[in-house]
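Let the sequences and hints guide you as you build the complete structure.
Residue numbers (numbering that gives the first Met the number 0), protein chains in the order written: chain A, 0 to 286; chain B, 0 to 327.
I should point out that these hints are in silico values taken from the structure, not numbers from a laboratory.
Note that this is a predicted model, so its numbers are computed, not measured.
Be aware that a few hints might be false.
[As the list claims (entries may be wrong)] When the alpha-carbon atoms are kept at most 20 Å apart in a straight line, the in silico EDC-like pairs for lysine to aspartate or glutamate are as follows: (1) B:K104 x B:E191; (2) B:K104 x B:D189; (3) A:K263 x B:E233; (4) A:K263 x B:E129; (5) A:K119 x A:E219; (6) A:K263 x A:E219.
[Stated by the list, open to error] Here are some chain A residues the structure puts well away from chain B; computed CB gaps all over 12 Å: (7) I77; (8) K119; (9) A133; (10) T160; (11) A163; (12) S166; (13) P185; (14) V242.
[Said to hold, decoys possible] Derived CB-CB ranges, DEER-like: (15) B:G133 x A:T113: 27 to 37 Å; (16) B:L10 x A:M70: 46 to 56 Å; (17) A:R184 x B:L239: 31 to 41 Å; (18) B:G133 x A:P66: 38 to 48 Å; (19) B:V142 x A:S1: 51 to 61 Å.
Glycine is no exception: its CB is placed at the ideal position from the N, C-alpha and C atoms.
Chain by chain, the residues run as shown.
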Amino acid sequence: MSMTLVQVVVSGLLLGAVYALFSSGLTLIWGMMNVVNFAHGDFVMLGMYTAVMIWTALGGGPWASVPAAAMVIATLGIASYFLLVRHIMRGPMLAQILGTFGLALFLRYGALWTFGANFKTLPDDLVGHSFILAGIRFEGARVLAGVVGLLVTLLLHLLLTRTALGSRMLAVSEDATAAQLMGIRPQRMQALAWGMAGAATGIAGALIATFFYTSPTVGETLAIVAFVTVSFGGFGSVLGALVAGLVIGVVESLSAYLIGPVYKDVIVYILFVAVLWFRPQGLMGKA
Amino acid sequence: MTRRRLIQILLVALVLAYPLVVAGSPVWARLGALVLLAAIGASAWNIVGGYAGQVSVGHSVFFGIGAYSAVVTYTQLGLPPIAGAPIGMALSVLVAAVIGVPTLKLSGHYFSMATIAVAELVRVLSSTSEFLGGAQGLGGPPVPRSVLDLSFISATPYYYIFLAVLAGLLWLTHAIEHGRMGFYLRAIKDSERAARSLGVAAGRYKLYAYMLSAAFTALAGSLYLTMFGFVDPESGFGILISVKMVVMAALGGAGQLFGPLVGALILVPLEELSNSYLGGQGAGLTFVVYGAIILIIARFLPSGLLSLLERRRSAASRAAKTVDGHAD
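As structure tokens, then:
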């Protein structure tokens with residue numbers, strides 16, 4: 000009994016690390032320029048398709064698809080910034096929703112048109128078989144995804160808080176004009192943020208594709224998870240997204256196990272609304 | 000001004016005569032009804048999202064409550080579905096108060112995200128509820144028993160019902176816009192802190208706007224059910240329902256009386272066109288165009304299409320009136 004519980008918590012943590020990774024890109028953009036990217040889920044989806052294509056075209060596993068997806072989605076992020084986001088940031092908040100939702104539809108149905116509506120899955124044993132360690136069963140793909148997710152998220156957090164580049168980006172998010180007077184180019188920093196967010200999102204997508212089905216509409220579901228994780232953690236805080244991701248992962252697995260799979264989302268949403276009630280700025284957001 | 004008056008009269012006449020103009024084509028009559036229905040939903044959203052600037056992305060909660068109230072009135076009591084509309088509206092106002100009190104404290108994007116979470120919560124719960132037909136949903140009367148069932152083959156009766164409701168809603172919105180509440184809401188939208196410091200009970204007025212908006216969104220849901228005769232968790236509480244209301248209002252011009260209607264006039268025909276050319280790969284491509292049009296409008300007219308008109312008008316009259324919508 001208790002062993003099963005440990006198993007459930009461990010798989011929750013592994014899932015949570017992936018949630019954290021694919022939410023960190025969203026929180027970075029949100030914190031840096033107060034833009035919510037409604038196409039974020041579709042960025043993840045395209046990362047997943049990159050992985051599927053790498054496998055079908057070249058027979059390559061995650062070692063090839065993760066860097067490839069990172070590059071593809073980073074490029075997409077930077078392109079979106081220069082062609083769309085830079086301009087809609089000048090408008091009201093609603094313009095962001097309008098613009099990024101338009102982008103979401105464009106990407107989602109572009110994928111449908113290109114790849115068809117069928118679900119695609121990568122082979123189960125792409126990342127090795129499951130193994131048992133200390134009485135707990137681990138699935139290769141999920142362990143890889145969880146560990147890489149945790150590492151990349153932590154790396155992103157350190158990059159933002161411990162390096163000169165991170166300070167420059169923070170300066171732009173605090174006050175773009177003042178930053179410009181200090182010799183920082185706000186647009187370059189913001190484009191870089193979109194590139195970094197895209198890379199993290201692409202990595203997350205390629206990892207998720209190893210254990211989850213890939214379809215053009217998968218982004219819609221994933222986006223909601225990311226929105227909840229990011230507001231839960233406090234926007235702008237990668238560390239917040241990490242903690243929130245892990246909490247959500249564990250709560251989801253536990254409630255699926257203890258109450259029933261149907262109610263796992265219900266519990267997560269209730270928890271989320273409860274957290275916002277007591278801490279409107281999220282777990283680690285600035286008040 | 001007389002030329003403007005003439006254009007207005009012509010527009011009203013066209014709207015009233017539209018079903019007669021397209022009498023030959025049931026497709027076009029249906030399209031007209033669908034545009035009006037979407038405009039009701041988006042205009043209801045506009046009260047809290049546009050005028051008060053509280054961007055709810057969870058209005059599907061109220062739409063779903065309206066649709067389900069109508070259908071449950073039929074399945075449980077055997078009454079015509081439309082009799083459920085007042086129940087749905089009352090229930091929505093109640094639910095809006097319950098959701099609004101905690102979430103309206105949140106600012107900006109946090110409010111939007113919280114409303115998404117609540118809507119998803121309701122959607123998941125509705126799909127597990129036996130009473131609401133679970134994931135399969137519920138259907139209204141299969142054959143109309145009397146005219147009160149509002150079940151017509153032709154779309155023309157729906158067109159006039161929806162038109163009457165929309166006209167009433169726009170009239171009410173107009174009254175609010177020019178009344179005390181409208182000034183309060185715009186003040187809150189521009190700067191809640193400033194509004195509060197001037198003695199506006201911001202929390203209370205946001206909640207009023209939210210509840211009013213919820214009631215009319217529920218009405219849109221009940222009307223949807225009378226026309227489509229069926230609702231399931233996705234078509235009632237799905238996130239796309241909420242997003243479409245936001246997108247239509249924003250596309251036309253949020254916080255403007257006719258903004259949502261203009262948005263609906265563009266998006267609904269576009270979507271119906273996409274659906275009618277459905278078939279294999281074509282389905283994807285038309286929605287690609289749909290998405291592209293939305294993002295291009297957002298790129299070049301971030302304050303919505305009506306801002307174009309405003310710009311022309313202000314340029315013509317040389318009035319140094321600032322273009323609305325550049326808050327923050």
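Results of checking the hints against the structure:
With a CA separation close to 11 Å, the supplied pair K104 (chain B) and E191 (chain B) stays within the 20 Å bound. As the CA atoms of K104 (chain B) and D189 (chain B) are separated by approximately 16 Å, the hinted pair is consistent with the 20 Å bound. At roughly 18 Å between alpha-carbon atoms, K263 (chain A) and E233 (chain B) fall within 20 Å of each other, so this suggested pair holds. Between K263 (chain A) and E129 (chain B) the alpha-carbon distance is near 18 Å, which keeps this suggested pair within the 20 Å criterion.
Annotation: proposed proximity of K119 (chain A) to E219 (chain A) holds, straight-line Cα distance about 16 Å (limit 20 Å). With a C-alpha separation of about 18 Å, the suggested pair K263 (chain A) and E219 (chain A) falls inside the 20 Å cut-off, and the hint holds. Chain B leaves I77 (chain A) outside its interface by the beta-carbon criterion, the shortest separation being 16 Å against a cut-off of 12 Å. For K119 (chain A), the non-interface assignment is confirmed: its Cβ lies about 15 Å from the closest Cβ of chain B, beyond the 12 Å cut-off.
No Cβ of chain B comes within 12 Å of the Cβ of A133 (chain A); the nearest lies about 35 Å off, and the non-interface call holds. Every Cβ of chain B is farther than 12 Å from the Cβ of T160 (chain A); the closest lies at roughly 22 Å, confirming the non-interface assignment. A cut-off of 12 Å between C-beta atoms confirms that A163 (chain A) is not in contact with chain B; the least separation is 29 Å. No beta-carbon of chain B is positioned within 12 Å of the beta-carbon of S166 (chain A); the least distance is around 24 Å.
Against the 12 Å criterion, P185 (chain A) stays outside the reach of chain B, whose nearest CB is about 17 Å from its own CB. The beta carbon of V242 (chain A) sits about 17 Å from the closest Cβ of chain B, which is more than 12 Å, so the claim that it is off the interface holds. Roughly 35 Å separates the CB atoms of G133 (chain B) and T113 (chain A), a value that falls within the hinted 27 to 37 Å. Look at L10 (chain B) against M70 (chain A): about 52 Å separates their beta carbons, and that is inside 46 to 56 Å.
Distance hint check for R184 (chain A) and L239 (chain B): the Cβ-Cβ separation is about 38 Å, which falls inside the suggested range of 31 to 41 Å. Between G133 (chain B) and P66 (chain A) the CB atoms are about 44 Å apart, so this pair conforms to the stated range of 38 to 48 Å. Under the hint 51 to 61 Å, the C-beta atoms of V142 (chain B) and S1 (chain A), about 58 Å apart, fit the expected range.
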